[in-house]
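Heads up: the protein sequence lines correspond to chains W and U, in order. Take 283 as the starting number for the first sequence in my numbering and just add one per residue. Take 40 as the starting number for the second sequence in my numbering and just add one per residue.
Careful: at least some of the hints might be erroneous.
Unchecked claim - Between beta-carbon pairs, the in silico distance windows are: (1) U/N59 - W/I294: 35 to 41 Å; (2) W/A381 - U/N42: 24 to 30 Å; (3) W/E336 - U/Y115: 39 to 45 Å; (4) W/Q394 - U/S46: 34 to 40 Å; (5) U/Y113 - W/D293: 35 to 41 Å.
Claimed, not checked - Calculated lysine-lysine pairs in the DSS-like style (CA-CA distance at most 27 Å, straight line): (6) U/K81 - W/K289; (7) U/K117 - U/K96; (8) U/K96 - U/K142; (9) U/K145 - U/K96; (10) U/K149 - U/K108; (11) U/K81 - U/K108; (12) U/K142 - W/K289; (13) U/K145 - W/K289; (14) U/K142 - W/K347; (15) U/K149 - U/K81; (16) U/K108 - U/K97; (17) W/K347 - W/K289.
As the list claims (entries may be wrong) - Here are a few chain U residues that face chain W, going by a calculated C-beta distance under 10 Å: (18) W77; (19) P83; (20) Y113; (21) G141.
What the hints contain is simulated information worked out from the structure, not anything from laboratory work. The structure displayed is predicted, hence computed values, not measured ones. The beta-carbon is built from N, C-alpha and C at its ideal position, and this holds for glycine as well.
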Amino acid sequence: SAVISQKPSRDICQRGTSLTIQCQVDSQVTMMFWYRQQPGQSLTLIATANQGSEATYESGFVIDKFPISRPNLTFSTLTVSNMSPEDSSIYLCSVRSGAATNEKLFFGSGTQLSVL
Amino acid sequence: ILNVEQSPQSLHVQEGDSTNFTCSFPSSNFYALHWYRWETAKSPEALFVMTLNGDEKKKGRISATLNTKEGYSYLYIKGSQPEDSATYLCAFLGSQGNLIFGKGTKLSVKP
Chain W
283 SAVISQKPSR
293 DICQRGTSLT
303 IQCQVDSQVT
313 MMFWYRQQPG
323 QSLTLIATAN
333 QGSEATYESG
343 FVIDKFPISR
353 PNLTFSTLTV
363 SNMSPEDSSI
373 YLCSVRSGAA
383 TNEKLFFGSG
393 TQLSVL
Chain U
40 ILNVEQSPQS
50 LHVQEGDSTN
60 FTCSFPSSNF
70 YALHWYRWET
80 AKSPEALFVM
90 TLNGDEKKKG
100 RISATLNTKE
110 GYSYLYIKGS
120 QPEDSATYLC
130 AFLGSQGNLI
140 FGKGTKLSVK
150 P
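Bound conformation, chain U alone (with noise of 0.2 Å):
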């Protein structure tokens, strides 16, 4: 069973604060690792889709690493603001086709 972990589960930050989560998953038959954003009553959202060992991915104030060799990733947001309030979501793209998600990060950013 392929397991896609994201830490942590839930985060509050001040307006301004700097933040990050992790997202581990399989490191064996790797294909893609994306990132979404999922704001309450929308449609969950592309951010990043990522695939070579070593990526760094940049959208503005957010940005992402990728190590397939030990199966993680960390996504960034500097200076949260309010709007950044959502849950982000990963998912580990393997070689059977189907993109499993982690449980997601739920982040609120306080003005």
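One chain only, chain W, in its complex shape (with noise of 0.2 Å):
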């Protein structure tokens, strides 16, 4: 099992800012992903943070719009830049933990992000 510290817990930010998410795990792991769930839409993966080199985002997501940092294996930070109201959402970060075919996600608490 994982366990990951996730903060803010929640926050409101003005348009146009940028806001940055931390979340610590209580292991070393070598990927730690980010997803974001908008209102009424279904989890959605932004990226994997790699520790030791670039992350790697999924469709639509862009490195500019959500700047990650992983500067070790128990660490990693989201930036939300530039926001607009479209961005508010929860946002969470997960790591990978099990045996190959009982593998599971493991989450934060999420950060709730609502943008004025």
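Fit chain to chain and form the complex, with the hints in mind.
Quick look at the structure:
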């Protein structure tokens, strides 16, 4: 299993500003995943944060909008840049853990972001 | 585009009722099907990881079945309790390696 501390838990931000979300894992992991859930939508993978290399972004997400840092094997940040109301979502970080056929995701408690 | 559908979108039941909901997913390139429970203001928590057609898994009052040939999974809750109130997410893991989530079923159990 893995325990992930995520902060902030919520924030209300002004349009055009940026917010950085932090995640700390209680064990060393190769990959950390950043997800977003917009209102009424499914959890969607933004990017995979790899230690020692650039993050891998999913279709529709770009580094300029969602820069990611991964300075070591237990920590990552996601920045939501130049925010607009469409960025209002729950943001979650996660890691994978478990045996191959039973591998599952462990999540942080999420960041509820509202952009005015 | 891979699509994972969950129904119903929301469900309101009385304490003690049994309930079930559905997850539909692509029947090709299947690797695993995950179920998660997400309580408000908490982390989503894994319930089951299912890999074999015909799998049935149980955790307390919650159980799940899997049909990979027709592409669906059922989640059952027996004797619902208020603490079962949460959003239940299913996620399809295909050969491409990423989990594709449904929108979830939001369950409310009234005392």
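Taking the hints in turn, this is what the structure says about them:
At about 38 Å, the beta-carbon gap between U/N59 and W/I294 stays in the expected band of 35 to 41 Å. In this structure the hint that W/A381 and U/N42 lie 24 to 30 Å apart at CB holds, the actual value being about 28 Å. The supplied range of 39 to 45 Å is met by W/E336 and U/Y115, whose beta-carbon atoms lie about 43 Å from each other. The beta-carbon spacing between W/Q394 and U/S46, approximately 26 Å, falls outside the hinted interval of 34 to 40 Å.
Remark: the range hint 35 to 41 Å for U/Y113 to W/D293 is upheld by a beta-carbon distance near 38 Å. Restraint check for U/K81 and W/K289: satisfied, since their Cα atoms lie roughly 13 Å apart, inside the 27 Å limit. At most 27 Å may separate the alpha-carbon atoms for a hinted pair to count; U/K117 and U/K96 meet this at roughly 14 Å. The suggested pairing of U/K96 with U/K142 holds, with an alpha-carbon distance near 22 Å, which does not exceed 27 Å.
Between the alpha carbons of U/K145 and U/K96 the distance comes to roughly 21 Å, so the proposed pair stays at or under 27 Å and holds. Using a Cα cut-off of 27 Å, the hinted pair U/K149 and U/K108 is violated, with the two alpha carbons roughly 36 Å apart. Restraint check for U/K81 and U/K108: the C-alpha separation of about 34 Å exceeds 27 Å, so the hint is violated. Restraint check: the Cα-Cα separation between U/K142 and W/K289 comes to about 24 Å, which is no more than 27 Å; the hinted pair holds.
For the hint pairing U/K145 with W/K289, the CA-to-CA distance comes to about 25 Å; that is within 27 Å, so the pair holds. A distance of roughly 24 Å separates the Cα atoms of U/K142 and W/K347; the hinted pair therefore holds under the 27 Å criterion. Taken as a hint, the U/K149 and U/K81 pair is honoured in the structure, with Cα atoms around 20 Å apart against an allowance of 27 Å. As the CA atoms of U/K108 and U/K97 are separated by approximately 21 Å, the hinted pair is consistent with the 27 Å bound.
With a C-alpha separation of about 19 Å, the suggested pairing of W/K347 with W/K289 holds against the 27 Å cut-off. At about 8 Å, the closest approach between the beta carbon of U/W77 and any beta carbon in chain W falls short of 10 Å, and the interface hint on this residue holds. This hint holds: U/P83 has a C-beta 5 Å from the nearest C-beta of chain W, less than the 10 Å allowed. Proximity of U/Y113 to chain W is violated relative to the hint, the smallest CB-CB distance being about 19 Å (cut-off 10 Å).
For U/G141, the shortest C-beta to C-beta distance to chain W is roughly 6 Å, which falls under 10 Å, so the interface hint holds.
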